[in-house]
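For the protein sequence lines, the chains are A and B, in the order given. Each position in the first sequence, counted from 1, maps to that position plus 53 in the working numbering. Each position in the second sequence, counted from 1, maps to that position plus 35 in the working numbering.
If you're looking for bench data, these hints aren't it; they were derived computationally from the structure. Just so you know, even glycine gets a beta-carbon here, dropped at the ideal spot from N, CA and C. Any given hint might turn out to be false.
Unchecked claim - Below, a list of computed lysine to aspartate or glutamate pairs in the EDC-like style, where the Cα atoms sit at most 20 Å apart: (1) K164(A) with E141(A); (2) K113(B) with E46(B); (3) K157(A) with E79(B); (4) K103(B) with E53(B); (5) K160(A) with E79(B); (6) K102(A) with E124(A).
Unchecked claim - Just the calculated beta-carbon pair ranges, DEER-fashion: (7) N94(A) with R120(B): 39 to 49 Å; (8) L109(A) with T131(B): 23 to 33 Å; (9) R76(B) with Q55(A): 32 to 42 Å; (10) R76(B) with S149(A): 36 to 46 Å; (11) S62(B) with Q98(A): 17 to 27 Å; (12) R120(B) with S62(A): 19 to 29 Å; (13) S133(A) with M75(B): 32 to 42 Å; (14) E79(B) with T125(A): 20 to 30 Å; (15) E53(B) with N94(A): 22 to 32 Å.
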Amino acid sequence: AQSVTQLGSHVSVSEGALVLLRCNYSSSVPPYLFWYVQYPNQGLQLLLKYTTGATLVKGINGFEAEFKKSETSFHLTKPSAHMSDAAEYFCAAGGSQGNLIFGKGTKLSVKP
Amino acid sequence: DAGVIQSPRHEVTEMGQEVTLRCKPISGHDYLFWYRQTMMRGLELLIYFNNNVPIDDSGMPEDRFSAKMPNASFSTLKIQPSEPRDSAVYFCASSTGPPRVSGYTFGSGTRLTVV
Chain A
54 AQSVTQLGSH
64 VSVSEGALVL
74 LRCNYSSSVP
84 PYLFWYVQYP
94 NQGLQLLLKY
104 TTGATLVKGI
114 NGFEAEFKKS
124 ETSFHLTKPS
134 AHMSDAAEYF
144 CAAGGSQGNL
154 IFGKGTKLSV
164 KP
Chain B
36 DAGVIQSPRH
46 EVTEMGQEVT
56 LRCKPISGHD
66 YLFWYRQTMM
76 RGLELLIYFN
86 NNVPIDDSGM
96 PEDRFSAKMP
106 NASFSTLKIQ
116 PSEPRDSAVY
126 FCASSTGPPR
136 VSGYTFGSGT
146 RLTVV
């Protein structure tokens, strides 16, 4: 069965530091991959997605993710964290049944 | 574009009562999804529709849960009778084209509390 694994349920960084949120997927077919962000008391918003083409994908709010087929990874990064980045982040992969398979989420805390 | 609209935003009900959650997808979107989110279980897919037809309802917890999509612009998720363990945030999402390629747009959710 397809699965998405997010390493670390909580990540804490200092303001201005690098943000790295890890995501690995299992898929026997070329994957479609997504990152979503959820701010408190809100729904999930699409940050970025990989379908085909360039393996480095740029999203909103300065985030980017790199698709690495050899590592079955799609890690999310941002060079410099801002307080407003504090939220929960979900990695997802396009499932064989047509829906998205979500990881369990990583809560990002940003310390001043 | 008004986005995916869910109502109500908050619902508090007593155990045993019927609860109906509502969703209006984005116009032109032909897929609609219902998810439940809890601290313990994370995001769970309950059911999804394509062109108003239920495609996969294997995530519906039990017979107390039912979902309908009478037309392309409206869907309901009903719980009857409700139980305290149903307390969660329920999200509706919609998509155009193959969701595994295009992704979803989520609504703001309905926070359900059953006391």
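Results of checking the hints against the structure:
Proximity of K164(A) to E141(A) is assessed by CA-CA distance (about 15 Å); at most 20 Å being required, the pair is judged to hold. A threshold of 20 Å between alpha carbons decides the hint, and for K113(B) with E46(B) the separation of about 13 Å falls inside it, so the pair holds. Restraint check for K157(A) and E79(B): the C-alpha separation of about 10 Å stays at or below 20 Å, so the hint holds. Restraint check for K103(B) and E53(B): the C-alpha separation of about 15 Å stays at or below 20 Å, so the hint holds.
For the hint pairing K160(A) with E79(B), the CA-to-CA distance comes to about 18 Å; that is within 20 Å, so the pair holds. Between the alpha carbons of K102(A) and E124(A) the distance comes to roughly 18 Å, so the proposed pair stays at or under 20 Å and holds. Range check, N94(A) to R120(B): Cβ separation about 21 Å, and the 39 to 49 Å hint is violated. Distance hint check: the CB atoms of L109(A) and T131(B) are about 26 Å apart, consistent with the given range 23 to 33 Å.
Distance hint check: the CB atoms of R76(B) and Q55(A) are about 18 Å apart, inconsistent with the given range 32 to 42 Å. As the Cβ distance of R76(B) to S149(A) is approximately 22 Å, the hint placing it in 36 to 46 Å is violated. Our hint of 17 to 27 Å for S62(B) and Q98(A) holds, since their Cβ atoms are close to 19 Å apart. Range check, R120(B) to S62(A): about 22 Å between beta-carbon atoms, so the 19 to 29 Å window is met.
With their beta carbons about 34 Å apart, S133(A) and M75(B) fall inside the hinted range of 32 to 42 Å. Judged by the Cβ atoms, the range 20 to 30 Å given for E79(B) and T125(A) holds: they are separated by roughly 24 Å. E53(B) and N94(A) have their C-beta atoms about 25 Å apart, which keeps the hinted 22 to 32 Å range intact.
Hints 7, 9 and 10 from the earlier list are contradicted by this structure; the remaining hints agree with it.
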